[in-house]
Amino acid sequence: MLFYVLRRVLYAVPIAIGVTFIVFSLVHIAPGDPISALLPNEATQEMVEQARREFGLDKPLPVQYGVWLASAATGNLGTSIGSGRPVSEEVAGAVWNTVILAISAGLVACVAGFILGMVAGLWRDRPVDHMVSLFTISGVSLPHYWLAILLVIVFAVNLNWLPPLGIGPDNSDGWRPDWPHLRHLILPTIATAAIPMAVIARTMRASVVDVLDQEFVTTLRAKGLLPRRVLWHVIRNALPTTLAVMGLQLGNMLGGSVLVETVFAWPGTGFLLASAIFQRDLPLLQGTMLVLSMFFVILNLVVDLIQSWTDPRIRRA
Amino acid sequence: MHGTMAPTAAEAELPAETPVRHHSYLSVVFLRFIRQPIPMAAAVILLVIALAAIGADVIAPHDPYQTRVARRLAQIGTADRWLGGDELGRDVLSRLIYGGRISLTMAIVPVAIGLFVGGFLGILAGYAGGRVNMAIMRGMDVFYAFPSILLAVAIAGALGPGLENGIIALALVFIPPIARMAESVTTQVREYEFVIAARLSGASTFRILREHILANVAGPILVFASSQVSVSIIAASGLSFLGLGVAPPQADWGLMLSALRQAIYSNPWVAALPGAMIFICSMCFNLVSDGIRRSMEVRR
Amino acid sequence: MSLEFGREAPLPAIADRGGPAQKLLTANGLRKWFRLSGGLVGTRSVVRAVDDLSLSVAKGETVGIVGESGCGKSTAARLMAGITPSDAGEIVFDGETFWAPGMKITAERRRAIQMVFQDSASSLNPRMTITETLAFGPRAHGVPTSEARAYARDLLAAVGLPPARFAERYPIQLSGGQRQRVNIARAIAMRPRLLVLDEPVSALDKSVEAQVLNLLVRMRDELGLSYIFISHDLNVVRYISDRVVVMYLGQVVEEAAADDLFSAPRHPYTRALFASKPSFDPRNRIKVAPLLGDPPDPVNPPSGCRFRTRCPIAETLCAAKMPILADVPDAPEGHRAACWAQVPGSGHSRAPRVSGALQ
Chain X
1 MLFYVLRRVL YAVPIAIGVT FIVFSLVHIA PGDPISALLP NEATQEMVEQ
51 ARREFGLDKP LPVQYGVWLA SAATGNLGTS IGSGRPVSEE VAGAVWNTVI
101 LAISAGLVAC VAGFILGMVA GLWRDRPVDH MVSLFTISGV SLPHYWLAIL
151 LVIVFAVNLN WLPPLGIGPD NSDGWRPDWP HLRHLILPTI ATAAIPMAVI
201 ARTMRASVVD VLDQEFVTTL RAKGLLPRRV LWHVIRNALP TTLAVMGLQL
251 GNMLGGSVLV ETVFAWPGTG FLLASAIFQR DLPLLQGTML VLSMFFVILN
301 LVVDLIQSWT DPRIRRA
Chain Z
1001 MHGTMAPTAA EAELPAETPV RHHSYLSVVF LRFIRQPIPM AAAVILLVIA
1051 LAAIGADVIA PHDPYQTRVA RRLAQIGTAD RWLGGDELGR DVLSRLIYGG
1101 RISLTMAIVP VAIGLFVGGF LGILAGYAGG RVNMAIMRGM DVFYAFPSIL
1151 LAVAIAGALG PGLENGIIAL ALVFIPPIAR MAESVTTQVR EYEFVIAARL
1201 SGASTFRILR EHILANVAGP ILVFASSQVS VSIIAASGLS FLGLGVAPPQ
1251 ADWGLMLSAL RQAIYSNPWV AALPGAMIFI CSMCFNLVSD GIRRSMEVRR
Chain A
2001 MSLEFGREAP LPAIADRGGP AQKLLTANGL RKWFRLSGGL VGTRSVVRAV
2051 DDLSLSVAKG ETVGIVGESG CGKSTAARLM AGITPSDAGE IVFDGETFWA
2101 PGMKITAERR RAIQMVFQDS ASSLNPRMTI TETLAFGPRA HGVPTSEARA
2151 YARDLLAAVG LPPARFAERY PIQLSGGQRQ RVNIARAIAM RPRLLVLDEP
2201 VSALDKSVEA QVLNLLVRMR DELGLSYIFI SHDLNVVRYI SDRVVVMYLG
2251 QVVEEAAADD LFSAPRHPYT RALFASKPSF DPRNRIKVAP LLGDPPDPVN
2301 PPSGCRFRTR CPIAETLCAA KMPILADVPD APEGHRAACW AQVPGSGHSR
2351 APRVSGALQ
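Protein chains in written order, with this note's numbering: chain X, 1 to 317; chain Z, 1001 to 1300; chain A, 2001 to 2359.
Chain X on its own, in the form it takes in the complex (with noise of 0.2 Å):
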């Protein structure tokens, strides 16, 4: 078993330094020459000369990526045009509120996709089924930026119910767990949410459905066992393939932030990255698209991991 982990992350570092070195390609497929990619339209030629020695433009392309690589990960990813302050300030700033937004829909995709999808498997083609269904193949064709839009539109503009924008009250800049921030919390969090929480349902029921449908469910009913028993060997059955997907799920609504964070004028990364395209301002947007790439490469391990935890089938191998 340690073995397999110790290969797992081993595995996992050629794709991380494959990752690095997209997001470092980033910056040389821009049009133009990398020094206006990096730099603002009015840098003095001595910024110029700096920043030529600093990133070695001159320097053949493998030794531009180590020097950019180690840099990062010393924490250095550069200034940002659009403000002029490191990146790596910006990113530290955002990142604490893309993931009180990740964990939050998080929490609410996977526990609603769980239940809604278990309840539809094992009342399979009742009603309840059918409206789950419904609700599973809208939300997988729903673009979540559009949701948002509705959100605003009937809770914000018609009801009144929550506020359209911002992560708090007056322009607040950072998330803490009172109510007024709680209310700038629900609707980026159904909108966030809404499309794992249908991928999540329709996944479980159909794990659930499976299981229920082998002979050995059968052979725990014919043996007398209760059903909430019954239910229990279920539920462990159906996890492994329901976990797996529920992380692939988080790492979508690190990918869908961009859109949502927008909508809603959410300061995420995903904001962070939307305005660092929107103002051209390549430093940004390679210092976000670092951290949030690692993030997920990191995640999509933990998860690897935990899915072999609770799958003994895998454990073996």
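Heads up, none of these hints are tricks.
Derived coverage of chain Z by chain X (criterion: at least 3 residues anywhere in the stretch with Cβ under 8 Å from a Cβ of chain X; other residues may be distant):
1. 1142 to 1151
2. 1235 to 1242
3. 1266 to 1275
4. 1281 to 1291
To list a few chain Z residues with every Cβ distance to chain X over 12 Å, as calculated:
5. Leu1031
6. Phe1033
7. Met1040
8. Arg1068
9. Val1069
10. Arg1072
11. Ala1079
12. Arg1131
13. Arg1199
FYI, nobody ran anything at the bench for these hints, they're computed from the structure. Since the structure is predicted, the reported quantities are computational estimates derived from the model, not experimental observations. We put the beta carbon where it would ideally sit given N, CA and C, even for glycine.
With chain X's structure known, arrange chains Z and A on it following the hints.
Frame of chain X, contents of chains Z and A only:
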């Protein structure tokens, strides 16, 4: 020599000269698809939207670029703005119809590229095995390490706005999953005995791929690719929403959604319409691909 | 190949080079080890599917291979057909090197050895008519499509499937026996000289099995083929084989002429294998299982003789040294066994005395 064998038991069961008619696989799948009401309805809806987009010059009631101050944010049901007016007074209905051109193109073309490039790479990796397989699939894995929308946004963001850049970015997002699927199916089919028999006959690799492998892997790969289109349209419109697709004043659903955001206070339902188009198309693509999968599933 | 329709086969016959005394196929030292995933690189366990297999087939001979499931028969078949590359050794066909490590087998040479598989869902391409399947091989060798299709129809007739009814059928429209005939037709379409048959009748009903066996015998006699016939069914192997080879855990443990082997097996494993055949006579009840224990793990075979953990006459010698395949004394020519109890002077308590030597 022939004719001296007594008919086997199974042969004796069949009446002497049954003409054995056999429909081609494709026609069987097609007929089965048509019999499913929901996927058929979805397919019809998509067809209508696509045809309207193609024939927009004829069908759209107004010029999609014609601005009119007096019709700014006009309500739904206005005389010459049936679905309302946008923030510059242009006819929303016409822009939705024309918008189909770009939105659907940006959704389908990347998946098509993913199908050909990813399919090719996956089949190659699956059949070759060994180091070639590892090299290709590890390369794919690196792209897989990103959440798809994030990757598309980052690449499009670096490349800059524009239809071609958006298509390139999305294509790069869809190549890895299709390649993975293709590799997985090809690896399976490669071990089937008829493939081994084909290798024993000394046929070239190319011939074996073309005549034996392709027909047997195309089905699952196509089903998977078709299921990606519904994701693609959401992602493509998402890119436009962020300003990474075509530029104004072109008509595109994602772009319209973004531009009309400012209108949610004065005319919320018009602001929601472009998103409804994206949703409807995505759902229909989903249902159609589900239907295709089901009509291919049953053993004949 | 004269199929007696007055039509020549479009593919030329493969000429005999070495003459009747030359062995058709000689496989030396073939080996196939599979690496399992698990553990860090370098500590992965290895399945020794086939270990140091040496086999020869004479012209016109049928060699049967028997053994339990998992003994490596199928892998051995694929090694000898050249379709799975061996880790070591060489294959000599009719005096010429057919395969050696690092060598690629040319398309033309490939024709000489063909395989017939067990009837399964994947033995024929479900998307091709059987005519297309049969025409594929000849077309790959340059035969024009129309000729290849005519040839395919001739083949169908030759294996007992009238082309008028069967030519345009898909595999799913055939019964198991009919599919096996197509498999056989596909193999002989290439005009091979050696056919490797891997459990060709195991999936068929008994009545159909008899018909297919008869077809195989007829093909062999009329076309002058040699067979390597793999099966776990001892009766079938006895019926069709001239010589029989017994495999255990990737190695050959005994080989002899068919009648000789079945009447007087020497290796303890062979004896146990034959004893486990249920008899039709109710008075011959088997009270004690002839073979004790489960087959050992091919990943960690026992040291020395691999059979010793289940062998009724195993001794310490057997754990120390692996027995080599050697001629059995007092047995007809060509009877060999890998057992210390059969080697004179080996030190095994049951080994025959070395004639004239001091003990």
